[in-house]
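J.: Each chain is listed here by its residues.
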Amino acid sequence: MDTRVIRSQVHRARPSSGYRPALIALLAALLGHGAARAQPVADADAVERSVYFVEKSTEATELLSRNKLQEALAAFQELAARYPDLDEDGYVAMAIGDCLAGLGRDAEARDAYRAAAAAHPALASSVNQRITDLELAGEVSDALIERLRMAAASADKGRYAAAWQLGRALQKRAKALLIEAAAAFRTASEADTPVSRPDPGLAHARALEALAADLGSLIDRLEDGWGSARRAMRLPDKREAAGAATENRTAEWVLRTKDGRRIEFRMKWAAEACDSRTEVTANGKPLKLSDNQQSALKRHEDEIRAILLQAAEETGEAGRRGK
Amino acid sequence: MTTIRALVCVLIAALAAAGQETRAAAPDAIDLKFVYRAGRTTRQRMVSRTVGSMKLFDPLPEQNFAQTFEQDLTLTCRQANPDGSAVLDMTMDRVAMKMSIGGLNMEFDSAAPATQPNDRLDTRMLARIFSAMVGSTLTVIVGPDGQPSRIEGVKQFKEKMLNSLADEPVPASLRKLLEQVSGMFDDESMMKEMQSSYRLIPNERKRVGDRWERSWNMKIPLFNGKIDGQGRYELLGVEEFRGRKCAKIAVKESFQMAATPEVETPAGAAASSPAKGLVERLRFDLKASGGEGTAYWDYENGELVQLRQVQRLTMEISMPTDADPKGRQTNTGKPAMVQKLTTAESVDLLEDAPASARGAPATPGSAPAPASP
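Listed in order, the protein sequences are those of chains A and B. Residues in the first sequence are numbered consecutively from 94, following my numbering. Residues in the second sequence are numbered consecutively from 7, following my numbering.
Hints in this document: simulated from the structure, not taken from any laboratory. Where is the CB? At the ideal position from N, CA and C, for every residue including glycine. Treat the hints with care, since some could be wrong.
A short, non-exhaustive set of chain B residues, derived as facing chain A with CB atoms under 10 Å [as the list claims (entries may be wrong)]:
id	residue
1	Ser-142
2	Ala-256
3	Gly-299
4	Ser-352
Just need the whole structure built from these sequences, with the hints factored in.
T.: Following this line, the structure appears as structure tokens:
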């Protein structure tokens, strides 16, 4: 195949700028309806241009999805500059805001989102959600919580999204309050007391700090999975999350009840990531666990695994490579 | 849909390529008819790119979506009959897909399967299904009018794909969903899809400036609905393209989805299976705009050399919520999922052979790289 021929034809089809649609519109207006009828059903130059726009938008989206934010931003900005007429849904305009938000350039992101909404009024709801996401990434203010409470309680169709964001705001506030409470108990424990005994305030502060850390990991998990548009959605990857893959997960407890009965519990977690159910038997008989119980076991299993891994690393007992 | 559409586009080209007699047509009046010749083989690369935003059910956030789907297909005319009918074998040589939604990225190329990550179930499933597609052959029976009248092998094609997952730990619910979706495609639905795509070629003699129209309707089982479509086409001119004498055809197609039939859920009753219930209860509202395209048709050899088309789609997916035991709807008023996507379809003839040697096996990878317009 003579590629020079192809290249020359493609180049011939290239418009020098975005003047062509305007020119066609002007001609149509001057010549009236008859002129419009005489237009071909599709303009080959316009088709090539649209195809190219989709191709480059696809590539830019892949960059964004792979967290190559600077490259993605440059690609989207070029598309916005060269093909403003083709961004009919405002996808490129919004993506510029997403890139800036991902880069932590919040003020510019906010401006980009507002510009997108100004050019594409149908995006108002999405823009509002993204700007709230930007606020959620920082310290949660009373004003934000109050605004989200009102939105979640309204009859507006966006109330479910508002309720989701309210939940995220409140749990973040709860974590901050737990940390503040722990700090308060620590301060209280520093007071001079005439009695020498284990300080209950210090122990309580440690427990609250552990709770805050536990809540923090729950929040991180939610934000990683379904947090906001600016943070990419991804499937959980156990190996990445814990720094290790679990090959075998079983545990045993033997308990003696107050009335003297002996119960032997065996727990076995599912091997595949896609199945997070835990099988538990008591004296060999399977137990039926509620969803809440399953969820709690899963959460604590992650915690235990992280503790064991950290302790093993710290004591140099990480084991040998291989099977 | 993309797969079917891609297969269809290749079929169109191959039908025409399979033995079109060279005609001494006047430059401004050309014959656009399908003629077949036994043993003739055509290869094409079809690329479909889709980009846009996807809003999932509330409260899940909107996500950016991009997908590139590439297929290399071979179509061989196995039998050409005197009445103009023919039997064709359509084989998929290569499948490649890249998909990004949010930060989730999936990628597969059957030409380089060893380089694909296989530590996740979803990517392994993708690889298995696509690998099963490669090498599969469908038989297309074409009538004297040049239109496909029957397609065989879809059932085996589907079974091969589903069986490829036999030893994967696919959750039962997902496996049922796959079976349900797969069950919506059969020989009949594939044939309807192909017939609808023949509209580009008028099957008669046309002069430059001539316009023709097509209208069609077809069931879309996956969407539990029906599409009414209309296309307008124009022979823009006759010109040399990639060293061939081509008819340049302008395309403008639009379609809309007819209302999705209601599926009643009895009060307090569950569907026969969660997966089946999910698919059956989804309501789709599809609106398309744009639809402009350009095709270059080698009228001397009867081959589609290139097709470019862009379509903007807005699809709303909603689902009525379960009724409670007293028959009352719950969670009413939840907004629909809205997907605003733009799709660019490209078809390119794969060849390196000079015009004098056409009919010999084509060489892949010779589709032109796009230039910045």
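J.: Next step is simple, just say for each hint if it's right about the structure.
T.: Do the hints match the structure? See the list:
Here the hint on Ser-142 (chain B) is broken, as its CB sits about 27 Å from the closest CB of chain A, past 10 Å. For Ala-256 (chain B), the interface hint holds, the least distance from its beta-carbon to any beta-carbon of chain A being 4 Å, beneath 10 Å. Because the closest C-beta pair between Gly-299 (chain B) and chain A is about 6 Å apart, less than 10 Å, the hint holds. Below 10 Å, beta-carbon pairs count as interface contacts, and Ser-352 (chain B) has one with chain A at about 7 Å; its hint therefore holds.
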